[in-house]
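> Listed here are the chains, written in short residue letters.
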Amino acid sequence: GAVVSQHPSWVICKSGTSVKIECRSLDFQATTMFWYRQFPKQSLMLMATSNEGSKATYEQGVEKDKFLINHASLTLSTLTVTSAHPEDSSFYICSARSNGDHEQYFGPGTRLTVT
Amino acid sequence: QQQVKQSPQSLIVQKGGISIINCAYENTAFDYFPWYQQFPGKGPALLIAIRPDVSEKKEGRFTISFNKSAKQFSLHIMDSQPGDSATYFCAATPGQAGTALIFGKGTTLSVSS
Numbered sequence: 001g002a003v004v005s006q007h008p009s010w011v012i013c014k015s016g017t018s019v020k021i022e023c024r025s026l027d028f029q030a031t032t033m034f035w036y037r038q039f040p041k042q043s044l045m046l047m048a049t050s051n052e053g054s055k056a057t058y059e060q061g062v063e064k065d066k067f068l069i070n071h072a073s074l075t076l077s078t079l080t081v082t083s084a085h086p087e088d089s090s091f092y093i094c095s096a097r098s099n100g101d102h103e104q105y106f107g108p109g110t111r112l113t114v115t
Numbered sequence: 001q002q003q004v005k006q007s008p009q010s011l012i013v014q015k016g017g018i019s020i021i022n023c024a025y026e027n028t029a030f031d032y033f034p035w036y037q038q039f040p041g042k043g044p045a046l047l048i049a050i051r052p053d054v055s056e057k058k059e060g061r062f063t064i065s066f067n068k069s070a071k072q073f074s075l076h077i078m079d080s081q082p083g084d085s086a087t088y089f090c091a092a093t094p095g096q097a098g099t100a101l102i103f104g105k106g107t108t109l110s111v112s113s
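Protein chains in written order, with my numbering: chain L, 1 to 115; chain D, 1 to 113.
To be clear, the hints were calculated from the coordinates, so they are not data collected in a lab. Take the hints with a grain of salt, since some may be wrong.
Unchecked claim - Cut-off 27 Å, straight-line C-alpha distance, at most; resulting in silico cross-link-like pairs (BS3-like, lysine-lysine):
1. D:Lys-57 x D:Lys-105
2. D:Lys-42 x L:Lys-66
3. L:Lys-41 x D:Lys-42
4. L:Lys-20 x D:Lys-42
5. L:Lys-64 x D:Lys-42
6. D:Lys-105 x D:Lys-71
Whenever a hint applies, use it, and build me the whole structure from the sequences.
Written out as structure tokens, the structure is:
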């Protein structure tokens, strides 16, 4: 099956710093990647959708200047949390989808803790 | 109209029993309905998915039942095992290129041994 990786799996950073999370599709070309955040015991909340080579489309209420998304290639998307604050602490999950395929393949997630 | 309503919120089943989780939707444009399983601290993993042109799909112990007229679909886990204890999410999407999944709120399943 299709494999999506995320790096790092766990990161702690100080308030005010920036953190970059990578999402890679290992064995397929991901024309579309999605970024979700998930709080404990809650469902996945879509943050943004990115198509390779295009600007990301952010969901309502998600600050695009705070959560920078880059999808520069068909196998890599990055999410940068800028000027992180404790309320940004969450589980960030990416998923990837190839053109014409309904299925989305999820990464293992990144636990971000901002102190 | 974009919502997918999932129930129950939590479920306790005896080992060997049948676990049933239900979802309902409003948007008739949805045409792909997957179920995901998520363990604590892990990303969701695709379990099984169905398109609206069939009423049932079975893969091993997992079955999706789909009722297009009622706009409902359900996951049945036969012979439930303690290893099935996880959170299950239903989802739906119109399926057009680049369209995100709409998730239900999830069901926490506990299978007692």
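> For every hint, state whether the structure bears it out.
Hint-by-hint comparison with the structure:
{"no.": "1", "hint": "D:Lys-57 x D:Lys-105", "verdict": "holds (22 Å)"}
{"no.": "2", "hint": "D:Lys-42 x L:Lys-66", "verdict": "holds (25 Å)"}
{"no.": "3", "hint": "L:Lys-41 x D:Lys-42", "verdict": "holds (13 Å)"}
{"no.": "4", "hint": "L:Lys-20 x D:Lys-42", "verdict": "holds (19 Å)"}
{"no.": "5", "hint": "L:Lys-64 x D:Lys-42", "verdict": "holds (26 Å)"}
{"no.": "6", "hint": "D:Lys-105 x D:Lys-71", "verdict": "holds (17 Å)"}
This entry satisfies every hint, going by the numbered hints stated previously.
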